[in-house]
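Generate coordinates for the entire structure from the input sequences, incorporating the hints supplied.
Each chain, written out:
Protein chains: 8
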Amino acid sequence: MNSDIRQLLENVKSGVITIDDAVLELKKAPFEELGYAKVDMHRKLRQGAAEVIYGAGKTPEQILGIVKKMVSAGQERILITRMSEEAASYVGAGVPLDYHKDAKIGIVGSVPEATGIGTIVVATGGTSDIPVAEEAALTAEFLGNKVVRLYDVGVAGLHRLLSHMDEIMNASVIIAIAGMEGALASVIGGLADCPVIAVPTSVGYGASYQGISALLSMLNSCASGVTVVNIDNGFGAGYSASMINHMEVRS
Amino acid sequence: MNSDIRQLLENVKSGVITIDDAVLELKKAPFEELGYAKVDMHRKLRQGAAEVIYGAGKTPEQILGIVKKMVSAGQERILITRMSEEAASYVGAGVPLDYHKDAKIGIVGSVPEATGIGTIVVATGGTSDIPVAEEAALTAEFLGNKVVRLYDVGVAGLHRLLSHMDEIMNASVIIAIAGMEGALASVIGGLADCPVIAVPTSVGYGASYQGISALLSMLNSCASGVTVVNIDNGFGAGYSASMINHMEVRS
Amino acid sequence: MNSDIRQLLENVKSGVITIDDAVLELKKAPFEELGYAKVDMHRKLRQGAAEVIYGAGKTPEQILGIVKKMVSAGQERILITRMSEEAASYVGAGVPLDYHKDAKIGIVGSVPEATGIGTIVVATGGTSDIPVAEEAALTAEFLGNKVVRLYDVGVAGLHRLLSHMDEIMNASVIIAIAGMEGALASVIGGLADCPVIAVPTSVGYGASYQGISALLSMLNSCASGVTVVNIDNGFGAGYSASMINHMEVRS
Amino acid sequence: MNSDIRQLLENVKSGVITIDDAVLELKKAPFEELGYAKVDMHRKLRQGAAEVIYGAGKTPEQILGIVKKMVSAGQERILITRMSEEAASYVGAGVPLDYHKDAKIGIVGSVPEATGIGTIVVATGGTSDIPVAEEAALTAEFLGNKVVRLYDVGVAGLHRLLSHMDEIMNASVIIAIAGMEGALASVIGGLADCPVIAVPTSVGYGASYQGISALLSMLNSCASGVTVVNIDNGFGAGYSASMINHMEVRS
Amino acid sequence: MNSDIRQLLENVKSGVITIDDAVLELKKAPFEELGYAKVDMHRKLRQGAAEVIYGAGKTPEQILGIVKKMVSAGQERILITRMSEEAASYVGAGVPLDYHKDAKIGIVGSVPEATGIGTIVVATGGTSDIPVAEEAALTAEFLGNKVVRLYDVGVAGLHRLLSHMDEIMNASVIIAIAGMEGALASVIGGLADCPVIAVPTSVGYGASYQGISALLSMLNSCASGVTVVNIDNGFGAGYSASMINHMEVRS
Amino acid sequence: MNSDIRQLLENVKSGVITIDDAVLELKKAPFEELGYAKVDMHRKLRQGAAEVIYGAGKTPEQILGIVKKMVSAGQERILITRMSEEAASYVGAGVPLDYHKDAKIGIVGSVPEATGIGTIVVATGGTSDIPVAEEAALTAEFLGNKVVRLYDVGVAGLHRLLSHMDEIMNASVIIAIAGMEGALASVIGGLADCPVIAVPTSVGYGASYQGISALLSMLNSCASGVTVVNIDNGFGAGYSASMINHMEVRS
Amino acid sequence: MNSDIRQLLENVKSGVITIDDAVLELKKAPFEELGYAKVDMHRKLRQGAAEVIYGAGKTPEQILGIVKKMVSAGQERILITRMSEEAASYVGAGVPLDYHKDAKIGIVGSVPEATGIGTIVVATGGTSDIPVAEEAALTAEFLGNKVVRLYDVGVAGLHRLLSHMDEIMNASVIIAIAGMEGALASVIGGLADCPVIAVPTSVGYGASYQGISALLSMLNSCASGVTVVNIDNGFGAGYSASMINHMEVRS
Amino acid sequence: MNSDIRQLLENVKSGVITIDDAVLELKKAPFEELGYAKVDMHRKLRQGAAEVIYGAGKTPEQILGIVKKMVSAGQERILITRMSEEAASYVGAGVPLDYHKDAKIGIVGSVPEATGIGTIVVATGGTSDIPVAEEAALTAEFLGNKVVRLYDVGVAGLHRLLSHMDEIMNASVIIAIAGMEGALASVIGGLADCPVIAVPTSVGYGASYQGISALLSMLNSCASGVTVVNIDNGFGAGYSASMINHMEVRS
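Protein chains in written order, with this note's numbering: chain A, 871 to 1121; chain B, 871 to 1121; chain C, 871 to 1121; chain D, 871 to 1121; chain E, 871 to 1121; chain F, 871 to 1121; chain G, 871 to 1121; chain H, 871 to 1121.
Derived from the structure by calculation, the hints contain no laboratory data.
Model, not experiment: these values are computed from the prediction.
Glycine included, C-beta positions come from ideal geometry on N, C-alpha and C.
There is no bait here: all hints are sound.
So the derived label-pair ranges between C-beta atoms look like this:
#	chain 1	residue 1	chain 2	residue 2	range
1	D	Glu1118	F	His970	56 to 62 angstroms
2	D	Glu1118	E	Ser954	37 to 43 angstroms
3	H	Val981	D	Glu1118	55 to 61 angstroms
4	A	Glu946	C	Val965	46 to 52 angstroms
Next comes the structure, spelled out in structure tokens:
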């Protein structure tokens, strides 16, 4: 995952770049003050290449400002989550932007080739869970993963899920997304033999309590290998799934 | 009503009753006229069949007292729920008692022949749910139903449940009992085409919150035909299932 | 309840239709992909004839698309719940639609003759509960049941309820709908000797907490034979009541 | 209610006692330090005669100490609530004490004649609510009220309640005590035309949550004239009911 | 309180009206079907004269319909609570209406002379609690009580409250209304020697949770003689206070 | 006290005052004697300094009215919190007003010189917490404190916080403001050796529950020296911090 | 499927099977065809490795019975979680057992060589979290992982955590375990560049609410790459961490 | 930083360190550079003073071990909180220990002279709050403060509190401790002009919910200058109060 920095060091060792140039590359301040936000340049060293902007609660002007700063600092691609349509059209006027309305995700730069161990499956219980699922799927693709989408395979119609046993058995990570009773995570967790990341959604009414019901279900899953993220946190699931799908041997 | 009121007013006028007594009579009138008598008589009609004693919070002496009173009033069989072992041994010393320790149920008299439309299936997610399941199953048998038990068929091992498709498809009512994430009710509700009564149990730890997690899951079930009773209320599920299994045409 | 499929088999046996035609009828894929939703054709086999669309969270275009697919697949009648007025006018422009504004229910095709064991009584505590009650009542009628409506018979004016003792005593299933303190379910449960399905509503203010108060009351009902569905879930109550009212002997 | 102090002043005016004696009587410090507790002597002036000790969290020694101080300060009768059996036997060894085990109430001195406007009815939904009811009833009697007990008249068996219409219609205040779904308060509130004080109890299991269910029900009662006290607070209900039953004209 | 019916009976006894006329008067059905609401005429017998309409969730047309029916049935005065401005202007076009915008209360007919034992004090912690307080105060005045308003006397500025000791000491009932921490009820309960009805309000932010904080505070009040109604339920407090202020001896 | 009481009693005896008036005097005695006067005078002493208006729930007209009253009473500077833009433009038209839109704070008059023991540091976890932070910072400045702002130093990027160790070590009070998981308070509490006031914010989504998550985190902080105020209560934190920063020796 | 259905229909026509049996066959069809068999076979494949027994709620006799059955079926090693000391001594008398009292874990057979990508770090906030941590660590070791333990490195003493930067930076998965405010997960999540599994514990008092505070903190972590399991669920964390640490390329 | 990095790169180039080790060094860089060392050194500076052991969840052996280690390291005095009687007698056998049973506090060494700005007042609402109050008071004394105790001055008897106006007005910090409705903090906060630290206690029953009621009250206090600590956290309040009472000018 730290392939960028490792590449740099190898280039130093092999003489492809001089030590002076490498110092220049590395000494960029780990974070830069922007007044309203600290842009973390050091994270690139620790957590790999791409940078993410959490769009909620930021003005379109602030988002564009951060994007420009990052681009001029050499950031190849940027993922903006929870981005309103208004922000998208403002930012899109300043830099080329690929905006996904349902998922509220904007992407600057191109999505990379899929690397990683295998395939990430993103499954939802119903059609109303799709926006969260797309946030997860696009995040995973942005971070260099192959994604298979299985939408509307909720447990109340079990045959819909069972007809996708091949995808489930072949996945390297599965993201199970459901509102209401959230049973999808347990059923998939029982079927699959890979890590399952469960995402409760705020879909439902009455005693679903904006996702509490699904959240509690998923935390109490009797299937092993299931971990949980915050309600509607598609990004977090996609990010963690990508981390797992890019595991590599460390000395 | 008119003649009664007229009589009353004449009695007021002639001084046969005081104004205070007349005010009281008039306040009660609408209740007496409408339903009071019916309610009372109706209760007597309904009490022809089996009677149930809720054992929790009653002393052994009180339970035995009620049992003896009922027996001498001609009650053929009596079901005692939430009965402690201590109460069972005390009562058992006074009358013949069939005590089921796990279910905390005591039965005086013999269980009747199974009547009813079909079979009641009692299914549990795990082995820890069995005490609640037995309360439900014994209640249903006591009320004259054929019961099939499917224990430990939780959704994390779906094959266990699917290997019982015949029983599920043939049931007239299914009682789905589960703690933790309570997904069993949704999965069964999606498979079966008969009424499903879901019973959350207090089994679990941490965020299961003594059954809240399962309760919310079951209330939010996306499968149609699922209704829910209180946490650990095996008796209530068995009673309702028996009612449904004994439906008959009314004019 | 599986009268359609049973009829088909009897027609096969008696030679009314050929085996080829029957295979054609049965081999329709159990569910069809529509991009945004899987239309479940197999449910017809398992759970009888009519199909239901949950309208919340679907665009008018999506609803119309599903309706058309189902109609062309031979679905006689379709029930659409939680349907906005906007969706109703859009869908109504494409297919004949009977829209009930209060209940937010749209019906394609005609409501069938009432069959079933007896009458379903739908009772409410107040006038504000009527939209939920109509969702329940229209669902039950759509599924072939005779429905009697008892609205505004809350327990704070007991004589209003008691004046309907005949309907209560004659019901085969009662749906008790109430917000605020939700006591209606217990009182009816104590009076009636048939299954009672309780529906808490989000009617109320302050400590009613959008239906929690009524939900807890109903789950804790000290009357036997009461089961509960989600807050405001009129459809679920109507569906379950119809299932119960159509119980039939299975071998 | 301030009859003691009024009596003192009338005795001053008529010369029955001297001004010096009256000063002596009045100048007793409004509260006395006892180290572990301030005994409030002034409350007698403001809130009438009898004094109450809240026994929970006090050692038997502390209770006896306070009792003795109060007795020597001229207190005629003392009510001790939430008094353990252990405390009762210790205190009873020091002063004559009438202890009620169920209600956990101890009384020093004799209960007065019943005064007040009318009768206080104490009603419970079940037999398990009786300890709370006895706390309420004994408190009311201790404060000089006539009390009628209607126990086990829960709404699931409405005829039990309706057979006591006379008592309900004649009450000056009714204390309605129930656990589980707490519907008793609403039903009585709808029947009666006097103030109703509702006491939720912690009786129940599962989703009764130690009285929350009953508490919420009672707060949401759709019957007018119902107010609520804390869960299991029989004393508070008895005290308030007595206050209401002793209302008198003030200039 | 049942002075109307008592008066009628006395008129019968004294011959002021004939028995026939009295029968006519009494035999009016206890409630009349209006389709959308059952108007309870019998309550007049049980709970005195004035009738109340709960305006929330009713259309302006429905409210006017009920009002007209009641007026033509001889109702002298009508109180409409939770009445929107829109409803007020619609109803006001049909019948003379006195509308109080803050309290959302409309009154048809004139407010009666104050009767009752003494004065009802309505106190609030802050200015934001005034709408709830006015609902309580206007209700109490409508039901024939003298009301004293003490607004903005919250406990964080104790001198404001203490400067009204005369009103507090002279009250026959006090309604204590507060949001946020709700401490007003306890402080007043400790000062006064009359019944205190506490009304939590939804005023506040953050951890006030729309009144939960105040509600819990008031239920846990360590002052005796305090009872509680639902959050923001000014009407309920005014109604109960009036009941208490009109207590009279019953045989 | 004795002479007062004696005089009162003599007046009773001689008929100078009525018994009713004497009762009232005696009921009030302990309050008047002990604290009443002190409370009132003390309040006047404390009001020499700046005054604060809580703007929420007040109309622009009301705010301006209070401001004018205070100015004409000699108040040098006034702080208005939770002030809407609409109110600001209305009030600003009447008196010179310095309005801070983000913090929703308006200031009349000039901010004083910074006095106090040292510097108050205001730190936030993210950029979305800044409005609450500005409410705290402006309040502290208004009350005469030097303030250092450290924004966007959340614990997920620990190096951002650690690069400000000097400011943290030198602070006399630190206000730690964070939503979501609220860990900032604990980390700062562990680093600093001055009082830390934690402010949870309603920033976040899903299981942050409008600040509950942060609130609970902060209350459970394992760092000593951390106290907490209400969610989003920047003013309260600034006010308390100023109090602490102005501690001075009292005899 | 076609040939099966055709055969079935021909059997119906020829009377080889009854219509009832044919209906049942058709209801089960979609499940059998799609996934049933796969599920069952797949389960057999997965069971080659180590097996786990959840000891809570099982009697010592039951545990020993299961263990013996598994051993005789060729199971090499068995992990028993939530095992009481009583159960351990009973089972230990029957088979060789390695019991870890703190973690309540029993192991039959020997722990395997560590395989996997790298090292799993198990970190705790305090010493009271160690039992949960040991459950996680022993589970991971049992499943073939190298484990490094970092105990008592809570965020209130940040230097303790920072002095272990090498272990944190080199980990392949980190399990962060904390009660109270649960901030450890966020801080570690911000430092590390590998997946972090957070385990809230029930350690704490007051507003920690048996782990809710830590659970909410962890779900709301602003650090990417953090997922969460149930309160005190050390086993689940160890199991998931092992899955991740054993990721391998799939075709 | 540059020279370090340059050195590192030269070592990479020359093969002195491997690329893997260099990657690790670079990942840690920003932390080491910024704060790591400072944190560690600072901790040593702060540990000159008294040290505290949190006794809950530690065995008597563990506590004694820590104490002995600290004593031999030169620690003059040690405070042990939440110490059981059992632990106290064990530790007391090993070192001289002053144990306070109510407060569950043990002190090794002598309490120092009181220094600090002024007096800390510790006030409680009732007698049951005294254990928490003693934890606060002893902590403050241990840390070198003069403490004044005002116990049992709850707001339901306001005269008790008002009779201590002098102490309240003269305090430099006040710790207000109360269970049930927790109103004490608001009333004291309104009276005093010094910082108030509120401690909710778990004293109460029913809807006090082990301190939630008091906690919410205190967080919502309408008095300025009030901050809150965890339920029953007397130590935290005493510690913070001491910090405030020892404020001194920093450059």
